[in-house]
Amino acid sequence: MVITADTTAAAYGRAGGHYRGQRSAMHTSSTIILVLAVFGASTVEMVEALTIVVAAGVSRGWRSALEGAAAAVLVLAFLVAVLGVPLVHYVPIDTLRVIVGALLLVLGLSWLRKAILRASGHKALHDEDAIYATTVRELQSGDPESPQSPTRTRDGVGFAVAFKGVFLEGTEVVLIVVSLGTSQHRLGLAALAAAAAAVIVGTVGVLVSRQLSEVPENTIKLVVGIMLTSFGVFWVGEGAGVHWPGSDLAIPVLAAFFVLVMAGAVSYLKTQAPTPPLESTPTSVEP
Amino acid sequence: MKQRIRDALKAFGHFWVDFLIGDTPEFALATLVIIGLALLLRHHRLAATIVLPGLTAAFLLASAYRGRRRSAD
Chain A
173 MVITADTTAA
183 AYGRAGGHYR
193 GQRSAMHTSS
203 TIILVLAVFG
213 ASTVEMVEAL
223 TIVVAAGVSR
233 GWRSALEGAA
243 AAVLVLAFLV
253 AVLGVPLVHY
263 VPIDTLRVIV
273 GALLLVLGLS
283 WLRKAILRAS
293 GHKALHDEDA
303 IYATTVRELQ
313 SGDPESPQSP
323 TRTRDGVGFA
333 VAFKGVFLEG
343 TEVVLIVVSL
353 GTSQHRLGLA
363 ALAAAAAAVI
373 VGTVGVLVSR
383 QLSEVPENTI
393 KLVVGIMLTS
403 FGVFWVGEGA
413 GVHWPGSDLA
423 IPVLAAFFVL
433 VMAGAVSYLK
443 TQAPTPPLES
453 TPTSVEP
Chain B
1376 MKQRIRDALK
1386 AFGHFWVDFL
1396 IGDTPEFALA
1406 TLVIIGLALL
1416 LRHHRLAATI
1426 VLPGLTAAFL
1436 LASAYRGRRR
1446 SAD
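Line order of the protein sequences matches chains A and B.
For the first sequence, counting from 1, position 205 maps to 377 in the numbering used here; every step adds exactly one.
For the second sequence, counting from 1, position 26 maps to 1401 in the numbering used here; every step adds exactly one.
Keep in mind that the hints were calculated from the coordinates and are not lab data.
Hints may be right or wrong, so weigh each one.
Stated by the list, open to error - Rough simulated footprint, nothing fancy, chain B against chain A, three-plus residues with beta-carbon under 8 Å:
hint	region
1	281 to 287
2	368 to 378
3	409 to 422
Said to hold, decoys possible - A short list of chain B residues far from chain A (calculated; beta carbon distances all over 12 Å):
hint	residue
4	Met1376
5	Ile1380
6	Arg1381
7	Thr1399
8	Glu1401
9	Arg1417
10	Arg1420
11	Arg1443
By construction, the Cβ of each residue, glycine as well, lies at the ideal position given by its N, Cα and C atoms.
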C-alpha cells in the first residue's frame, strides 16, 4: 500500500505536497485506532487476568500467585520470540497481512458476538466481582487446609490458576499486539500501548489490592470488538490485493459500518423472546 | 520421551483450536470464505468493498441469532 502510494506521489510530482498531507491524515487516523484498540483490548484482558491472580493470591498465597503470573509472562515472551519474530521476518508481507487479518477477524467477531448477546440480554454480563467470588470459593473449598492469608508458602494450585489466567488472557493481548503492530509497521507503538495498559491496571490493582470491577469491560469489549473486526476485514483485503477506497481511511468507515450493524442486531434481538436480565454468571477465564 | 513430546504438541494444538475456534466454528469458516472471496475479488475494487464487510456482517448476525436461539432453548 505504501509502495503504491509513494509511486503515485512521484508520478503526480507537484501534487506531492497535497498527497503527503492526505497520506499523513490516513496514517494518523489508523494510528489512533491502532493505539485505542490495543490499549482497550489490553486493559480488558489485564483486568481479567488481575482478577484471577488476586483471587489466587488471596485464597492460596501471594507468592505462588505472583510466581504463576510471572511464569506465564515468561512463557508468552518465549512464544513471541520463537513464533512471532520469524513470522514477521520470513513471511511475505501480504501473506502476513492475510494471517493477521484472519486472526483479528476470528477474535473480533467472537468479541462482537458476545457483546451483541450481552447488550440484548441474551447472555449474562461479564462481572469481575462474581468471577472473583467464585474463583476464591472454588480455590478455598478445594482444600480445607488452604491458608487464608499466606504470604510465604508455595502452593501448586495457586500457581497453576494464576499461570492459566495470565497465559490465556495474555495470549489474546500478544496476538492483538503482534498482529496489529506488524501489519501497520507499528509494533513498538502497539507494544507501548499494551505496556501502558499493563502499568495502569497493575498500579491501580496494587493500590486498591483487589480486582477492578469498576472498569466498564463490557463496553470496552464492544468497542474493541468493532475495531478488531474492522482491522481484520481491512487487512484480509489488503493482503489479498484489494485496494480499499481511501486506503487507511477505510478503517474508520468499516468501524462505522460495524457500529450500525451492531446497533441493528442489538435492537432486533432485544425484541426477540424478551427475557429478564440474566444474572451475571462467572465465566472464570472466558476471554 | 517421544510420547511426552507428542502429548505436549497435541495439548498445544488443542489449546489453539479451542482458543481460535471454541464454540463458534462459524467464524473460522467465515474467515476462510472471506479470504477466498478477497482473493477472487482483488481486481474488482467496488465489489470487494461491498462484499467483504457485508459478508462479515452476515456471518456475525447469523452467529448472534444462533446464539440467541441457543440461549432461549
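Violated hints, by number in ascending order, as checked against the structure | Numbers 2, 7, 8, 9, 10, 11, in rising order.
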